[in-house]
Amino acid sequence: MKDIITIIVRLTVSCLLAATVMGLCFVFTSNAKKHNEHVKEQKVMFELLGYKGDVKAPESVKMHELYRYVISGNDRQSIGYLLPQGEGEHGGYLFVNIDLNGSMIENKKVDITEAEALEAESRDKAVQATVGSGYSVAFADQTIVVTDNGARIAYLLDGKFQGFKTFVSVMLAVDPSFAMVGLEILEHEEDPGLGAEIEQDYFKNQFKGKPFEAMKAIDVVKAPIPADYLNALNGKVSEEDVLAFREQYKSKDIYALTGATISTRAVCNGVKGIVTKFAYRINVLDKVLQEQQLAVSF
Amino acid sequence: MANDKSSMQLISRGILSENPIFKLALSMCPAVGISTTVMNGLMLGIAVLFVQVFSSVTISIFKNLIHPRIRIPTYTLTIATWVTVIDLVLAAYMPEAYAKMGIFVKLIVAFAIITMRLEMFACKESVNDSFWDGLGMGLGFMIGMMVIGFVRELLGSGMIFGYDVLGFKPLLFFILPSAGFFVVGLMMAFFNWIEIFYKRTKGLK
Numbered sequence: 000m001k002d003i004i005t006i007i008v009r010l011t012v013s014c015l016l017a018a019t020v021m022g023l024c025f026v027f028t029s030n031a032k033k034h035n036e037h038v039k040e041q042k043v044m045f046e047l048l049g050y051k052g053d054v055k056a057p058e059s060v061k062m063h064e065l066y067r068y069v070i071s072g073n074d075r076q077s078i079g080y081l082l083p084q085g086e087g088e089h090g091g092y093l094f095v096n097i098d099l100n101g102s103m104i105e106n107k108k109v110d111i112t113e114a115e116a117l118e119a120e121s122r123d124k125a126v127q128a129t130v131g132s133g134y135s136v137a138f139a140d141q142t143i144v145v146t147d148n149g150a151r152i153a154y155l156l157d158g159k160f161q162g163f164k165t166f167v168s169v170m171l172a173v174d175p176s177f178a179m180v181g182l183e184i185l186e187h188e189e190d191p192g193l194g195a196e197i198e199q200d201y202f203k204n205q206f207k208g209k210p211f212e213a214m215k216a217i218d219v220v221k222a223p224i225p226a227d228y229l230n231a232l233n234g235k236v237s238e239e240d241v242l243a244f245r246e247q248y249k250s251k252d253i254y255a256l257t258g259a260t261i262s263t264r265a266v267c268n269g270v271k272g273i274v275t276k277f278a279y280r281i282n283v284l285d286k287v288l289q290e291q292q293l294a295v296s297f
Numbered sequence: 000m001a002n003d004k005s006s007m008q009l010i011s012r013g014i015l016s017e018n019p020i021f022k023l024a025l026s027m028c029p030a031v032g033i034s035t036t037v038m039n040g041l042m043l044g045i046a047v048l049f050v051q052v053f054s055s056v057t058i059s060i061f062k063n064l065i066h067p068r069i070r071i072p073t074y075t076l077t078i079a080t081w082v083t084v085i086d087l088v089l090a091a092y093m094p095e096a097y098a099k100m101g102i103f104v105k106l107i108v109a110f111a112i113i114t115m116r117l118e119m120f121a122c123k124e125s126v127n128d129s130f131w132d133g134l135g136m137g138l139g140f141m142i143g144m145m146v147i148g149f150v151r152e153l154l155g156s157g158m159i160f161g162y163d164v165l166g167f168k169p170l171l172f173f174i175l176p177s178a179g180f181f182v183v184g185l186m187m188a189f190f191n192w193i194e195i196f197y198k199r200t201k202g203l204k
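From first to last, the protein sequence lines are chains F and S.
Residue 0 is where the first sequence starts when you use numbering that gives the first Met the number 0, and the numbers rise one by one after that.
Residue 0 is where the second sequence starts when you use numbering that gives the first Met the number 0, and the numbers rise one by one after that.
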């Protein structure tokens, strides 16, 4: 009996000690970690838009975040969008609720600041308060509309899909006609040396410049990449040649990675799904906004 | 149990005569899974080195307070704590390195080599000796991983440290996890052969 008690006491004490050490460490590092993630995200976004290295984004380029929510109740299911209405801190947000046929149910002003909208918890609360009780809200995804002097130049889409092992999370940029501008793999756990090659430039660059028509039917070919095309994908030739190759291959399928056809196919289908679904959604949203004469910031 | 070995002997023992990979054959699964390149081997090696040293020292300090019946849970707890701390600190202050090492660091909790060193050495010996022993074992593991990574990267993808040295990929097979075991096996045979050869020549003299 005495043994049991000493064991319990000592294990409890060591667990508490370990928890204290880990907790303290977390408290001291969490802010720096959050900051790093934010910086990394911003960097990825600008790189996707082509503002790399010395090329800085001009002041007129602005980013507007749209948050999509799935709203479900007993009688109906609908999609809600939280849209920014103006620039900066005092812009305010508009909540537009659209049913599954694409017609608007309601729109309401939501009184939250930009900082609150960035925080998932406070944003969810505000959306829940807007739709009222009786409906449950679930955050679906967020999209960034990039404008230059008020005209849309690109969309940045977040997405996640099943890879070979676990989820692959990506961010892609498409232009207003939904042609691919760029693809970035944010997180994945594919096999090193095989599926992990999806994060290599020569693979990601294959998607660049593919028009929406090609993306709708994109597939994988199991063949080695032609040597001259591979050089172009790796950026080893001049800028004009890269563009020429992009033009030549723009309606071709994606070349599968050696020994990683499943990963290649997963990325292809995932990207295809994200782009086609987004194209449908933004068209519905734009139509509603136009019909209802709603003013938003993008 | 007193330990009469010097710090240098403790380190060299970890690297040579009791090398965790080639002699003790511990932590094979994660090692084989990750050692596809020299860089991966080095990264995992560094992470293991830190966790091994910190855990050895911690257990050695608290060795008289640990109840013998529950020593294994306590070791696991200690290792998990240090892994978490290193994971958090790396993520916060060295984001560049963390991007490369992130997945490796979390794997270390399940490394048999660390638990084994705590059980065999740190819970009996002084803090000072435990530190050197941990350092030696960590270095031994790191060197082992790098050697395997070197062979696999060169034969599997024709590169060293990410630089293309061969210009072609000789055998894709070496990138696959199963080839890791082949490389470890061949390396073991090679090390044993050298040792036997060395002893024989010495014996003849």
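Don't read these hints as lab results, they were simulated from the structure.
Heads up, a few of these hints could be off.
What the hints assert, rightly or not - With a cut-off of at most 25 angstroms between alpha-carbon atoms, the simulated SDA-like pairs for lysine to any residue come out as follows:
#1 F/K164 x S/L134
#2 F/K235 x S/G161
#3 F/K32 x S/G161
#4 S/K105 x F/L185
#5 F/K32 x F/M170
#6 S/K105 x F/I184
Hint by hint, here is what the structure shows:
{"no.": "1", "hint": "F/K164 x S/L134", "verdict": "violated, 35 angstroms"}
{"no.": "2", "hint": "F/K235 x S/G161", "verdict": "holds, 17 angstroms"}
{"no.": "3", "hint": "F/K32 x S/G161", "verdict": "violated, 28 angstroms"}
{"no.": "4", "hint": "S/K105 x F/L185", "verdict": "holds, 18 angstroms"}
{"no.": "5", "hint": "F/K32 x F/M170", "verdict": "holds, 20 angstroms"}
{"no.": "6", "hint": "S/K105 x F/I184", "verdict": "holds, 21 angstroms"}
In the structure shown, a violation is registered for the earlier hints numbered 1 and 3, in ascending order.
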